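Participant: Okay, here's what each chain looks like letter by letter:
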Amino acid sequence: MEKTINAHMPGLVARVVVKEGESVVKGQEVAVINCMKTELSVESPYDGTVKKILVAEWDEMEVDKPMIILE
Amino acid sequence: MIKKLLIANRGEIVPRIIRTCHKLGIETVAVYSEADKNAFYLQLADEARLIGPANPVKSYLNIDAIIDAAEKSGADAVHPGYGFLSENASFAGAVASSGRTWVGPSPEVLKAIESKCYCRDLATKIDVPVVPGTVKPVQDPDEIRRFGFQFGFPIILKLDKGGGGKGIEIISGQGQGQVRQAYERLSRIGQLAFASSDCYIEIKVDQPRHIEIQFMADGHGNIVCLGERECSIQRRYQKIIEESPSTVVTENDRKNLYQYTTGLVRAMNYQGAGTMEFLRAGDGKYFFMEINARLQVEHPVTEFVAGLDIVECQLRIASGGRLEVDQDDIRLSGHAVEARVYAEDPATFFPSPGQITKLRFPPGDAEWLRIDHALEEGGVVPPYYDPLLAKVITWGRSRSEAVQLLKDTLSSFDIQGVKTTIPINLDIISSSEFIEGSFNTSFIEKIQQKKN
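In the order they appear, the protein sequences are chains D and R. Position 34 of the first sequence, counted from 1, bears residue number 133 in our numbering, the numbering being contiguous throughout. Position 222 of the second sequence, counted from 1, bears residue number 471 in our numbering, the numbering being contiguous throughout.
Since the hints were made in silico from the structure, they are not lab data. Please read these numbers as outputs of a predicted model, since none were measured by experiment. We put the beta carbon where it would ideally sit given N, CA and C, even for glycine. A portion of the hints provided could be inaccurate.
What the hints assert, rightly or not - In silico SDA-like pairs for lysine to any residue, Cα to Cα no more than 20 Å straight-line:
| id | chain 1 | residue 1 | chain 2 | residue 2 |
| --- | --- | --- | --- | --- |
| 1 | R | Lys668 | D | Thr137 |
| 2 | R | Lys307 | D | Trp157 |
| 3 | D | Lys164 | R | Lys453 |
| 4 | D | Lys164 | R | Lys415 |
| 5 | R | Lys668 | D | Ala113 |
| 6 | R | Lys415 | D | Trp157 |
| 7 | R | Lys415 | R | Ile375 |
| 8 | R | Lys307 | D | Ala113 |
| 9 | R | Lys415 | D | Glu138 |
| 10 | R | Lys307 | D | Thr103 |
| 11 | R | Lys700 | D | Lys164 |
As the list claims (entries may be wrong) - So the derived list for chain D, only partly shown, Cβ under 8 Å to chain R, looks like this:
| id | residue |
| --- | --- |
| 12 | Leu111 |
| 13 | Tyr145 |
| 14 | Trp157 |
To be verified - Pair ranges (Cβ atoms, derived):
| id | chain 1 | residue 1 | chain 2 | residue 2 | range |
| --- | --- | --- | --- | --- | --- |
| 15 | D | Ala155 | R | Gln653 | 31 to 39 Å |
| 16 | D | Val162 | R | Gly613 | 29 to 37 Å |
| 17 | D | Val124 | R | Phe599 | 19 to 27 Å |
| 18 | R | Gln388 | D | Lys125 | 54 to 62 Å |
| 19 | D | Asp163 | R | Arg429 | 35 to 43 Å |
| 20 | R | Ala345 | D | Lys125 | 30 to 38 Å |
| 21 | D | Asp163 | R | Ala442 | 22 to 30 Å |
| 22 | R | Thr597 | D | Trp157 | 50 to 58 Å |
| 23 | D | Glu121 | R | Gln653 | 37 to 45 Å |
| 24 | D | Glu170 | R | Ser660 | 51 to 59 Å |
| 25 | R | Asp578 | D | Ser140 | 46 to 54 Å |
| 26 | R | Ala442 | D | Asn105 | 38 to 46 Å |
| 27 | R | Gly426 | D | Arg114 | 37 to 45 Å |
| 28 | D | Glu121 | R | Lys699 | 41 to 49 Å |
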């Protein structure tokens, strides 16, 4: 089943730290959002494998915007 | 003299610069990103130009877009403000080669002083003490380990071209691959963010206080120093309370710091306004740390005690003029203190962007109270930029008078919709340590620990 990891804060994507095909566990850092010059870690709420990365560095983020699809 | 000035920045510094331009009869051009299109200060400029989307890389950091806005508006000069491209040699070069006046030191000087090792080397040659460490970039983790064995841990590894609290690793000991990991992490950040992986070592100064000297240097060999600012109260290497004079700088210290500053300014061949940052160790020794080649956020503190308009001086120097004052004319009087109000949770400093739903604050344009801000009821605080909302600066005949006025002023703010650091600002200036002037750069951690 597919699940998405969404942004929890608005800002800019500082970096994505996982690759497509990589398996992740719940609580693992998958990306970092820069909000007002503070770097905030985005953690995966689920275990799974990264199916697709939807964002790139410097993309503008808003709360609940999908960032990564897991399967 | 400059006729039409483009301000390549956003937020509170834009109306600040416009105010001086109005006084001098200079036309102004503001620039904005999509995220700032409704900012009130755009109305204060003679002209406002869209330079790109919210993403700062495509707007406030986009050299081509800003030069294009300068071309189209007919601006003959560019003021970079602080942050963004303010110390960027390529931007300064692009402004100059488009035939416009750059308000700041020359591109060549900016390029050279980007390197902290260059500045440390220069300082050492003219007998200005620098924070003990290496003057040249380190070659490998072994060199760091050897340094640690010789002088002891912890040591601080810094990027040669880092800044603003970025590119600093504290190495507490040599165990478990700590040195190699820190070195590799820092090199990677340096390569990505500053296109240089060079780093150097500094020892950890005991009980450091951050003391800086504001100076102005014209193109005719005149240099004046405008007293010190104490900026020891910081969180994540970002300043939050600043004051002038410092409670610990003696007349003799100031004389030495002025001598270091003018020596460095001459050695760097620097023109314009700038700041030399020093660390004062617990034993009273001072060390040169770095130069800030721009107008600083906290410049109003100095304007209050020195009675000068630093932006005006910048514009006159950039136009080739002479400083109208010399060192003997500078009379520092009273005490000034500034609180930076950030859009952050006061307990955690977690960012708090959003819309300002309610806003009340006193008028701040008196000789003893100044509020530099970009606040507006209904206005949006975007998540893409610096969290600074406002600077509240007060002046008093004594320190306690200035601090009391700051307390009263901050207490009368009512900002709703976003969280602000006003509660922690008030905690700091009400604390016995602050009142006694006994604090150092780890003050905020201490005050937070006490609360928890």
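Participant: None of the hints should be skipped; say for each whether it holds.
Facilitator: Evaluation of the provided hints:
Between Lys668(R) and Thr137(D) the CA atoms are separated by roughly 15 Å; this keeps the pair inside 20 Å, and the hint holds. Taking the CA atoms of Lys307(R) and Trp157(D), the gap is near 10 Å; set against the 20 Å cutoff, the hint holds. The hinted pair formed by Lys164(D) and Lys453(R) fails the criterion: a straight-line CA distance of about 42 Å is larger than 20 Å. Taking the CA atoms of Lys164(D) and Lys415(R), the gap is near 28 Å; set against the 20 Å cutoff, the hint is violated.
A threshold of 20 Å between alpha carbons decides the hint, and for Lys668(R) with Ala113(D) the separation of about 23 Å lies outside it, so the pair is violated. Proposed proximity of Lys415(R) and Trp157(D) is supported: the alpha carbons are some 18 Å apart, at most 20 Å. With a C-alpha separation of about 28 Å, the suggested pair Lys415(R) and Ile375(R) falls outside the 20 Å cut-off, and the hint is violated. A threshold of 20 Å between alpha carbons decides the hint, and for Lys307(R) with Ala113(D) the separation of about 15 Å falls inside it, so the pair holds.
The suggested pairing of Lys415(R) with Glu138(D) holds, with an alpha-carbon distance near 12 Å, which does not exceed 20 Å. The hinted pair formed by Lys307(R) and Thr103(D) fails the criterion: a straight-line CA distance of about 28 Å is larger than 20 Å. Between Lys700(R) and Lys164(D) the alpha-carbon distance is near 35 Å, which puts this suggested pair outside the 20 Å criterion. With a least beta-carbon distance of about 6 Å to chain R, the hint placing Leu111(D) at the interface is held under the 8 Å criterion.
The interface hint given for Tyr145(D) is broken, as the beta carbon of that residue sits about 24 Å from the closest beta carbon of chain R, more than 8 Å. The beta carbon of Trp157(D) is positioned within 8 Å of a beta carbon in chain R (closest approach about 5 Å), and the interface hint is therefore held. Restraint check, Ala155(D) to Gln653(R): a C-beta distance of roughly 51 Å breaks the suggested window 31 to 39 Å. At about 33 Å, the beta-carbon gap between Val162(D) and Gly613(R) stays in the expected band of 29 to 37 Å.
Take Val124(D) and Phe599(R): their Cβ atoms lie about 25 Å apart, and the range 19 to 27 Å holds. Under the hint 54 to 62 Å, the C-beta atoms of Gln388(R) and Lys125(D), about 42 Å apart, miss the expected range. A C-beta distance of roughly 40 Å is found between Asp163(D) and Arg429(R), which places it inside the suggested range of 35 to 43 Å. Between Ala345(R) and Lys125(D) the C-beta distance comes to about 54 Å, which lies outside the given range of 30 to 38 Å.
Asp163(D) and Ala442(R) have their C-beta atoms about 29 Å apart, which keeps the hinted 22 to 30 Å range intact. One distance hint, 50 to 58 Å for the beta-carbon pair Thr597(R) and Trp157(D), is violated here, with the actual separation near 26 Å. Between Glu121(D) and Gln653(R) the beta carbon distance is about 57 Å. The supplied range of 37 to 45 Å is therefore violated. Checking the proposed 51 to 59 Å range against Glu170(D) and Ser660(R) shows it holds: the Cβ atoms sit about 54 Å from each other.
Look at Asp578(R) against Ser140(D): about 53 Å separates their beta carbons, and that is inside 46 to 54 Å. As the Cβ distance of Ala442(R) to Asn105(D) is approximately 27 Å, the hint placing it in 38 to 46 Å is violated. Taking the beta carbon of each, Gly426(R) and Arg114(D) are about 23 Å apart, not inside 37 to 45 Å as hinted. The hinted window of 41 to 49 Å between Glu121(D) and Lys699(R) holds, with their beta carbons roughly 43 Å apart.
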